[in-house]
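S.K.: Sequence:
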Amino acid sequence: MSELPLLYIRGTGTVPCREDFLGICLELALFAPTQYEDYNFKSMCKLGDVYIGCNEYGIFELDGDNDNNTDIDAFVEWPLTDFGVPNQKRIRKIYTGYEASGSLVFVVKNEEDNKREVTVDAALGSQVQHSAKSPVGRDGKGRYWGLELRNVGGCDFSLDSIEAAVVVLARKSGRTEFNRGRAILPAVEVYGSG
3 MSELPLLYIR GTGTVPCRED FLGICLELAL FAPTQYEDYN FKSMCKLGDV
53 YIGCNEYGIF ELDGDNDNNT DIDAFVEWPL TDFGVPNQKR IRKIYTGYEA
103 SGSLVFVVKN EEDNKREVTV DAALGSQVQH SAKSPVGRDG KGRYWGLELR
153 NVGGCDFSLD SIEAAVVVLA RKSGRTEFNR GRAILPAVEV YGSG
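In this note's numbering, the protein residues as written are 3 to 196.
Be aware that a few hints might be false.
[Said to hold, decoys possible] Simulated pairs of lysine-lysine, DSSO-like, Cα-Cα distance not exceeding 30 Å: (1) K143 with K95; (2) K117 with K95; (3) K95 with K111; (4) K135 with K95; (5) K111 with K135.
[Claimed, not checked] Ranges between beta-carbon positions, derived for each pair: (6) D75 with E114: 24 to 30 Å; (7) G60 with L32: 29 to 35 Å; (8) T121 with Y59: 36 to 42 Å; (9) N70 with Y97: 33 to 39 Å; (10) E101 with E58: 34 to 40 Å; (11) I54 with V109: 30 to 36 Å; (12) N71 with S136: 37 to 43 Å.
Since the hints were made in silico from the structure, they are not lab data. Where is the CB? At the ideal position from N, CA and C, for every residue including glycine.
Turn these sequences into a full structure, and let the hints guide you.
M.R.: Put into structure tokens, the structure is as follows:
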């Protein structure tokens, strides 16, 4: 008995998309959730090296660097934290281990939603693993700080590590004593394209 050849069908088309659709994917090995906004699929999977999405209109291969000629926005947002210290503090620098095909933007904010944006450029040449030190500034203080990292122009990026140089301010007013330290944020891997 002879084997039948593997049948491969590929098609393209447009899928009507509800603007209020939210998909959630859970990476089981890391227990890391990912949200997909306006990504109108009821199920998704990776079959070999191919990502597939399914909905009531059919089964679709998810590939390409954009979504219908629109850049794919991706971001990671960490919740507010006091880094385990109740004092007021400043964030002076952010140290990042990452690779990206373009620039990334950090948004550093305190509990009063005072924000500072820091742009991190990709390494010259190609998408390679490297590290960056990004100054945040000396102004601004707060007990709680949050961080957001987002891509620019739909670039792909993968994040290995983030550390924040935190300056803990003394509780007594009028004194200039402070402690310096680094806080390590949990590593997250992010894929900025579909």
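S.K.: State for each hint whether it applies.
M.R.: Do the hints match the structure? See the list:
1. K143 with K95: With a Cα-Cα distance of about 13 Å, the restraint between K143 and K95 holds, given a limit of 30 Å.
2. K117 with K95: Distance of about 14 Å is within 30 Å: holds.
3. K95 with K111: This hinted pair holds, its Cα atoms lying about 13 Å apart.
4. K135 with K95: Distance of about 7 Å is within 30 Å: holds.
5. K111 with K135: With Cα atoms ~18 Å apart, K111 and K135 stay inside 30 Å; holds.
6. D75 with E114: 24 to 30 Å: 26 Å, holds
7. G60 with L32: 29 to 35 Å: 30 Å, holds
8. T121 with Y59: 36 to 42 Å: 39 Å, holds
9. N70 with Y97: 33 to 39 Å: With Cβ atoms ~37 Å apart, the hint holds.
10. E101 with E58: 34 to 40 Å: Because 37 Å falls inside the window, the suggested range holds.
11. I54 with V109: 30 to 36 Å: Holds, at about 33 Å.
12. N71 with S136: 37 to 43 Å: 31 Å, violated
In the structure shown, a violation is registered for the earlier hint numbered 12 alone.
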